[in-house]
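Make a model of the complete structure from these sequences and hints.
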Amino acid sequence: MAYTQMDTYLQECRTLGASNNDMHILCGFECDYDARYIQWYAEHLVDTKKVDYLCFGVHYLVGPDGKETYIKNLPSQKQWLDLYTDTYVAGLKSGLFLFGVHPDLFGMFYKEWDKDAEYSARRILSCAAEFDMPLEINGYGFRKPQID
Numbered sequence: 007m008a009y010t011q012m013d014t015y016l017q018e019c020r021t022l023g024a025s026n027n028d029m030h031i032l033c034g035f036e037c038d039y040d041a042r043y044i045q046w047y048a049e050h051l052v053d054t055k056k057v058d059y060l061c062f063g064v065h066y067l068v069g070p071d072g073k074e075t076y077i078k079n080l081p082s083q084k085q086w087l088d089l090y091t092d093t094y095v096a097g098l099k100s101g102l103f104l105f106g107v108h109p110d111l112f113g114m115f116y117k118e119w120d121k122d123a124e125y126s127a128r129r130i131l132s133c134a135a136e137f138d139m140p141l142e143i144n145g146y147g148f149r150k151p152q153i154d
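Take my numbering: the final residue in the sequence shown is number 154, and no numbers are missing along the way.
It is worth saying that the hints were derived from the structure and are not from the lab.
Predicted model only: the values in this text are computed from it and were never measured.
Note that CB positions come from ideal geometry on N, CA and C, so glycine has one too.
Watch out, some of these pointers could steer you wrong.
Taking lysine-lysine and the DSSO-like style, the derived pairs with C-alpha atoms no more than 27 Å apart in a straight line are [as the list claims (entries may be wrong)]:
1. Lys56 / Lys73
2. Lys121 / Lys99
3. Lys84 / Lys73
4. Lys117 / Lys55
5. Lys84 / Lys56
6. Lys117 / Lys56
7. Lys121 / Lys84
8. Lys84 / Lys99
9. Lys84 / Lys55
10. Lys121 / Lys56
11. Lys78 / Lys99
12. Lys84 / Lys117
Simulated restraints on C-beta separations [to be verified]:
13. Met7 / Ala48: 39 to 47 Å
14. Gln11 / Ala48: 20 to 28 Å
15. Tyr125 / Leu22: 29 to 37 Å
16. Tyr9 / Val68: 30 to 38 Å
17. Glu18 / Pro81: 38 to 46 Å
18. Arg128 / Asn79: 21 to 29 Å
Below, the structure is given as structure tokens:
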């Protein structure tokens with residue numbers, strides 16, 4: 007969703023919620039976890055816009071050069087796997103989000119299921135358990151084409 011669509015989305019959610027007695031409708035956003043944006047998420051989305059919840063994923067990583075790179079375009083290297091895992095774990099620990107999404111998204115760039123991939127998955131799962139944070143299970147990956 008474009009930022010310019012935010013107020014319309016929130017208005018529509020709240021209008022539907024007010025007019026529907028059969029179900030409780032919540033307004034929320036999926037955010038990209040990046041420590042640089044945490045204050046904005048908290049102050050703007052939670053405090054000002056009064057959203058009901060935020061969830062997070064890691065779709066971009068910031069490399070040593072300061073450049074944001076989409077997950078799918080990263081090289082299949084352990085250093086990027088470690089950065090993905092560290093970033094995801096930081097999102098779980100931040101206390102701002104209701105749940106984490108796409109905990110397995112590292113599979114878009116890290117092509118081998120090896121001991122490092124398993125370690126990353128276990129770190130994410132252990133942290134989620136420690137902080138009592140639900141993780142999304144998304145079947146969309148089963149429909150996506152194989153990695154080239």
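Now for the hints, and whether the structure bears them out:
no.	hint	result
1	Lys56 / Lys73	violated, 31 Å
2	Lys121 / Lys99	holds, 24 Å
3	Lys84 / Lys73	holds, 18 Å
4	Lys117 / Lys55	violated, 39 Å
5	Lys84 / Lys56	violated, 39 Å
6	Lys117 / Lys56	violated, 40 Å
7	Lys121 / Lys84	holds, 11 Å
8	Lys84 / Lys99	holds, 22 Å
9	Lys84 / Lys55	violated, 39 Å
10	Lys121 / Lys56	violated, 42 Å
11	Lys78 / Lys99	holds, 24 Å
12	Lys84 / Lys117	holds, 11 Å
13	Met7 / Ala48: 39 to 47 Å	violated, 19 Å
14	Gln11 / Ala48: 20 to 28 Å	holds, 21 Å
15	Tyr125 / Leu22: 29 to 37 Å	violated, 43 Å
16	Tyr9 / Val68: 30 to 38 Å	violated, 20 Å
17	Glu18 / Pro81: 38 to 46 Å	holds, 41 Å
18	Arg128 / Asn79: 21 to 29 Å	holds, 26 Å
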